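Enquirer: Just so you know, the sequences run in chain order E and A.
Per this note's numbering, residue 1084 is the first one in the first sequence, and the count goes up by one each step.
Per this note's numbering, residue 2 is the first one in the second sequence, and the count goes up by one each step.
One or more of the hints may lead you astray.
Said to hold, decoys possible - Derived pair list, reagent style DSSO-like, types lysine-lysine, alpha-carbon separation capped at 30 Å:
hint, chain 1, residue 1, chain 2, residue 2
1, E, K1351, A, K188
2, A, K22, E, K1087
3, A, K26, A, K116
4, A, K121, A, K87
5, A, K90, A, K27
6, E, K1087, A, K188
Treat the hints as calculated values from the structure; they're not laboratory data.
Please read these numbers as outputs of a predicted model, since none were measured by experiment.
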Amino acid sequence: MSDKLKIYPVINFSDEQEQLLEVATNFCRNRWPNERIRQQIKDEDSIDAYVWQEIVELGWPGVAIPEEYGGSGLDLAEVVTLVEPMGQYLLASPLVSTTVVAQALIVAGTDNQKSHLLPAICEGSVASQALSEPHGDWDLLNLNCKAEREHGKLSLSGTKNLITDAHVADIILVSVIFEGEPALVMVAKEDIPQSSIRRETIIDETRRSYRLCLDGIAVPVDNLLRQEDTIKALNRIELVSCLLHTAEICGANNAAINTVVEYLNTRKQFGRFIGSYQALKHPTVQCLQEYEAARSLLYYAASVFENEHEGEVAVRMAKAQAGMAFSFIADRAIQFHGGFGFTYECDAQLYRRRAIWHESQFGDGNYHRQKLAELLL
Amino acid sequence: MNKTDNELDDFRYEVRDWLEKNRPKKPDFLMPQSFMEVGTDEQFHYLREWQQKVYEAGFLGMAWPREYGGGGRSQILQDIATQEMKVGKFPFMINAIGVSWAGPLILNMGTEEDKRKYIKGILSAEDIWCQGFSEPDHGSDLGNVQLKAERDGDDYILTGSKIWTTLGNYAKYMILLARTNPKIENKYAGLSYFLSPMKIQGVDPVPIQKLTGEYGFCQTYFDGVRIPASCLIGGEGNGWRVAIQTLQYERNAEGGAAGGPTSEIPYVHEVIDVARKIKRDGKPAIENPHIRDQAIKFLITEVACRANLVRDEIPSLVIERPQSLSMSLKGYGCDFWQKMQEFAMSLQGQSAAYYVGDDLAVAGGRWHRAYFNSFSTTIGGGTTEIQRNIVGERILGLPKS
Ligand SMILES: Cc1cc2nc3c(=O)[nH]c(=O)nc-3n(C[C@H](O)[C@H](O)[C@H](O)COP(=O)(O)OP(=O)(O)OC[C@H]3O[C@@H](n4cnc5c(N)ncnc54)[C@H](O)[C@@H]3O)c2cc1C
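So here's chain E without its partners, still in its complex pose (with noise of 0.2 Å):
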């Protein structure tokens, strides 16, 4: 019984993960700096089209894709390379949207999907999902959109919530119920009607969020994925989910850390510089610590993510321990400001916004936590 928590960590950091982690850090500074950060906020979109074409340029859409369908066939743990640093720069590309829904159709794609859809994916197609619905549960099966048959097409109904990019989504992946059973269903951009989405106000002002009203939208049967899988392609959907996230909370982590430490070595008060009190000095130390834990389980959950069991146990801690941890550096860093951390033009709030927004989606660490006890204990 006991075995099970008799966890020995393996890391394994290949030579490609090694490359993209340095060309994924110098493209996200070089196109993401902070004035970008601030402009992009005022603007319509989470990330410029020319930005998201040198992504796809970069191949790293299709990064794990198999070669098959026109992607690198590589892992995960390859595209936590890559997000890691956009967390870091604050660059909320659709590219974690895109992935999942890739991996999903992986999963529970039929052939006639997985031939057509990856493919385009891996060209610059931008997906995203709409898995949420307005009672605000994590649970990807508390479903009331629906699906059903009318005149040899899907017709939906009901509200998806929290689609992030949706507007300018190729394709939307949508779970609802479907002859009493959870499915899901692919929707294309060209049969939602403009006046069915709208954009949401949400606390991470760096990314796009979105409302679906499903009530009206037809779709062809054959956008339905293999239902059987469903229940499998929704585990793959928030695992790794769970892993992206956890790597752009990593990246963003460091970011606030360097923040809060530039602030502590810049600013004085009674003629000393406030990084030298112990009262400042002792939590950022601190939280650097978390941080690095967050790390080490991060790529820990990276290395083993295919295993079953110890993928999820791993992915799950990480998570956990990511989410604490960035949550504990971003409220710091507003204290640690003094008055100027209570301004909108203080970086604090951009960190404590996104930690915020993270725990909100696919599970914050008392979540994890109890799905750790039921695998583990």
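For chain E, the structure is supplied; the task is to place chain A with the ligand on it using the hints.
Expert: Below, chain A with the ligand without anything else, positioned relative to chain E:
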């Protein structure tokens, strides 16, 4: 030197096999929980014998040079042997100060003569080592130590006292930080470092009782003790540099130790076992949602500490702050252990009232004792607060406090 996985596995089984065949018989007295808690002669002899046996079997000092008594083999083999000893819950190496910091220091900075004289005795536990850094008035402020070492011809004369000297009453040698020049303005430049004999005229280690009621450390008085100048290591006036190097070993920030565990290692799964046996509201405590959540939190930190060690081996994953993980090892890990042992006590309901010696004490009072003893790790070797200063200043580049 690259070994195949098969060879490593074979070695692991060889160690495991030897360990199981030679597991020392369970003592009929209370065992100490770390090298800092050795308070009776029977504990001392039991542990010393075990270390000697492990050394003679070739599983200690495996990566140290052959010519001085080491095994001349690869570090990875030693790491495997150490892990087997830890996981299998074998007794720890009593001569920890020798094995983990005096030894690496001597191999790194000592003369050829020092190496020939000291290394083998460190490994075999023939010569027990202790550390004379802290003084009654100077602990965290180590650079300010005042024990006097006055040059007199070819000798130095030591006067003053050291305190919290772990194993002081059993030790044959001490790594000693003393003041050779009290006049110099820079306090650090007045320090020198000695490999100093303990069993000589004028050295008097007096045991001090610990908060657990047991023994383990001493106040060591030096009353005009004469030692030869050849005991100096690193040269006169360079004591601070040598002390800092020692602390790198002590805080696990730098490798080089001979291997083997140096304390009983508590695991989260053992705490969870306690929670399975104890009752809350008529049910096993582990069914209580709050306790489950706490247990999983500790487990996450335990796994993270191990993952930190693994990641630290991958240069491109520590590129931004290369020393961050190794320098936080002690502060972060010891804090976690302490909280975990406190949790193990708090689980026990009414039974938490008992201590070692009562037949109703859970696990013989192990967790209470471990909680108390855990302060040896959050105070000894530089307190957690001092560790935070160091990480803040060296890793994050924050200004000095
Ligand atoms: C079990 C045990 C075994 C030991 N074994 C040995 C040994 O073998 N050899 C040896 O030489 N020493 C040994 N020590 C001593 C140990 O290294 C010292 O106790 C430790 O360095 C703290 O020094 P101090 O006791 O003088 O406390 P102080 O330095 O007086 O500290 C008191 C409190 O103030 C805090 N503090 C002090 N300075 C600062 C600062 N600048 N910023 C923030 N907080 C600060 C400390 O963290 C602590 O909480 C041992 C200690 C213990 C508990």
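Enquirer: Please go over all the hints and tell whether each is borne out by the structure.
Expert: Hint-by-hint comparison with the structure:
About 29 Å separates the Cα atoms of K1351 of chain E and K188 of chain A, which keeps this hinted pair within 30 Å; it holds. Simply put, K22 of chain A and K1087 of chain E have alpha-carbon atoms about 27 Å apart, close enough for the 30 Å limit, and the pair holds. Proximity of K26 of chain A to K116 of chain A is assessed by CA-CA distance (about 34 Å); at most 30 Å being required, the pair is judged violated. Between K121 of chain A and K87 of chain A the alpha-carbon distance is near 23 Å, which keeps this suggested pair within the 30 Å criterion.
Only pairs whose Cα atoms come within 30 Å are accepted, and K90 of chain A paired with K27 of chain A is accepted, the gap being roughly 12 Å. Between K1087 of chain E and K188 of chain A the CA atoms are separated by roughly 53 Å; this puts the pair beyond 30 Å, and the hint is violated.
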